[in-house]
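Those protein sequence lines, which keep their order, are chains B and D.
Last residue of the first sequence: 322 in the numbering used here, with the numbers rising by one and none dropped.
Last residue of the second sequence: 1304 in the numbering used here, with the numbers rising by one and none dropped.
Hints in this document: simulated from the structure, not taken from any laboratory.
The C-beta atom is built at its ideal place from N, Cα and C for all residues, glycine as well.
Wrong hints could be hidden among the right ones.
Partner residues aside, some chain D positions facing chain B, computed with beta carbon under 7 Å [what the hints assert, rightly or not]:
{"hint": "1", "residue": "L1045"}
{"hint": "2", "residue": "L1049"}
{"hint": "3", "residue": "F1050"}
{"hint": "4", "residue": "A1069"}
{"hint": "5", "residue": "S1091"}
{"hint": "6", "residue": "V1094"}
{"hint": "7", "residue": "L1153"}
{"hint": "8", "residue": "S1177"}
{"hint": "9", "residue": "S1280"}
{"hint": "10", "residue": "L1281"}
{"hint": "11", "residue": "G1287"}
{"hint": "12", "residue": "A1289"}
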Amino acid sequence: MTTATARIARSGHSAPKPSKNAKAREPALAWARRAPLLPALVFLIIVTQLPFVVTLIISFLNWNSLRPDQTGFAGFSNYVQVLTDPDLRQAILTTVILTVSVVLVSLVIGLGLALLLDKKFIGRGLARTLLIAPFLVVPVAAALIWKHALLNPTYGLINGSLTWIWSLFGSNNPPQPDLLSQAPLMAVVVSLVWQWTPFMMLILLAGLQSRPMDTVEAAQMDGATAWDIFRHLTLPHLRQYMELGGLLGAIYIVQNFDAVFTLTSGGLGTANLPYAIYQTFYFANEYGLASAAGVVVVIGTIVVATFALRTVFSLFKKEAAR
Amino acid sequence: MSTLTPATPRNAARPAGFDGEPRRRGKSRMDPTRNNTAAGIAAWLLALLFAAPVLWMILTSFHSETDAATNPPSIAANLTLDAYKEFFGASSGVSPWPPLINSATASILSTALVLVPAIPAAYALSIKPVKNWTDVMFFFLSTKMMPVVAAILPLYLFAKTVGALDNIWFLILMYTSMNLPIAVWMMRSFLAEVPVEMLEAAQIDGAGLLLTLRKIIAPVAMPGIAATALICFIFSWNELLLARVLTGVVAGTAPVFLTGFVSSQGLFLAKVCAAAVVISLPVLFAGFAAQDKLVQGLSLGAVK
């Protein structure tokens, strides 16, 4: 911390002070303002943009590290393969299904929870803390718990609870579903929804609590029902918060690796693009193909990101007027 | 959560001369006479449902292996520390300390390294903003939107070429770049809360930069810096893909250790739960410590 503060001090020292020959000083002044930005910008460009340029180049190469003699220019053949290879096409589809379903379901549940937590009741703080807990379990640990302690068909908590509930009604023939092998993608979705719902809830709760209450009170005076208020005042107000939560969530879930890796090891149609790319370069050593798939992910992300940026910007520009 | 700034009331225009002071809302609007019992019961049931896997993980970690893997579950089984002893290598002799220490090193050092460029950058984006500062902000954000997988192969090849594979310092560098855009966004939103009037008053009074930083900016921004650091710590501690690809036996982190921990032989459920508890503890502490600023941080400052 001390170094950081010292840096501000140093770089900002020559910073703007009104002077008589301001005109001559203008470029110097602008650079003095920019200087504190440079370390962060330069570092990020080197560590994130440069490797992507390399990925872009490799994506046009025929490069498998196990067959170095066959390395050469490949044109668009890697891209053709990404879009025609059944496994990689499946991975694209899985990524879309996974992202959309996790985001939508956790948004809906998160909205319900936020509406409940917006009310006053006994132990609200503790209930809120309990609800945040899933988000604060290390993702790999969460995936392991889901796989072994909850979803295991023989001794997992879910089937165990079913046995217990059925036995209460005198039945010794409870349903014992095996989600992990019957619907593995669903298992991944369920575990991710569990982790991401608290995130959505927190953002929507903050949105709810920033509602302009005077309009709500005015509507109540005019005899509006609770549903009317929810439909015409609360939901429109929450819209941008839902967009924000959804898009930030999407950015993270598109990139999800931990849950797929741990729960199913990408088996049975659960391999999403990050997992498929990891497999392609780490185990199959197909560097060119993996890079092309990586570029496809980036293109897909740019599409989502364009919307995300617009949403974040709409929340942001009012503050920017400052 | 007690001070709620209306982040962006789309319909409610800000009053003229709004100075960024957090306005207190939502406190008085709750009608205490209203009966919210039904909502309370529903909220509590759902809270318990969501917390159940965590509570079950903790309970199972204190059970013996035989009690852990029963159907129906043995909730009232005797408690024991055996699983924790096993996790710390009682019979296998494999100590989890090296990966735990690696994780701590990578998370703490990368968090410290993130703050070094993030704080001045945030300063140049809020208190003395550069001309096109919104463009710069969105450049930072756009780097975060690029999936790690799109850059991981060149990073891996680079590390392999220069001999930085399985080196904790290379991982620290990666985590620093991974968290830097987030940190800049968060810090900017926290620094932007410093009232302009106070900065102007300080300037009129002839306070130097150092004095301004210490007396005006630091007191307002400190909780925000702490929250940013905690959230960066969590992201680094949780990370798996980079660690999996870039580290091995020497520099492997706790999540990597955890994925290789599950053995197929015999009963291991209590041990897995104990491992998950130990590895999640730092994140649970950091998360609850940052609870008040968690929303603002996770929404990159867009929501307060």
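Any of the earlier hints contradicted here, and which numbers? 1, 2, 5, 6, 10 and 12
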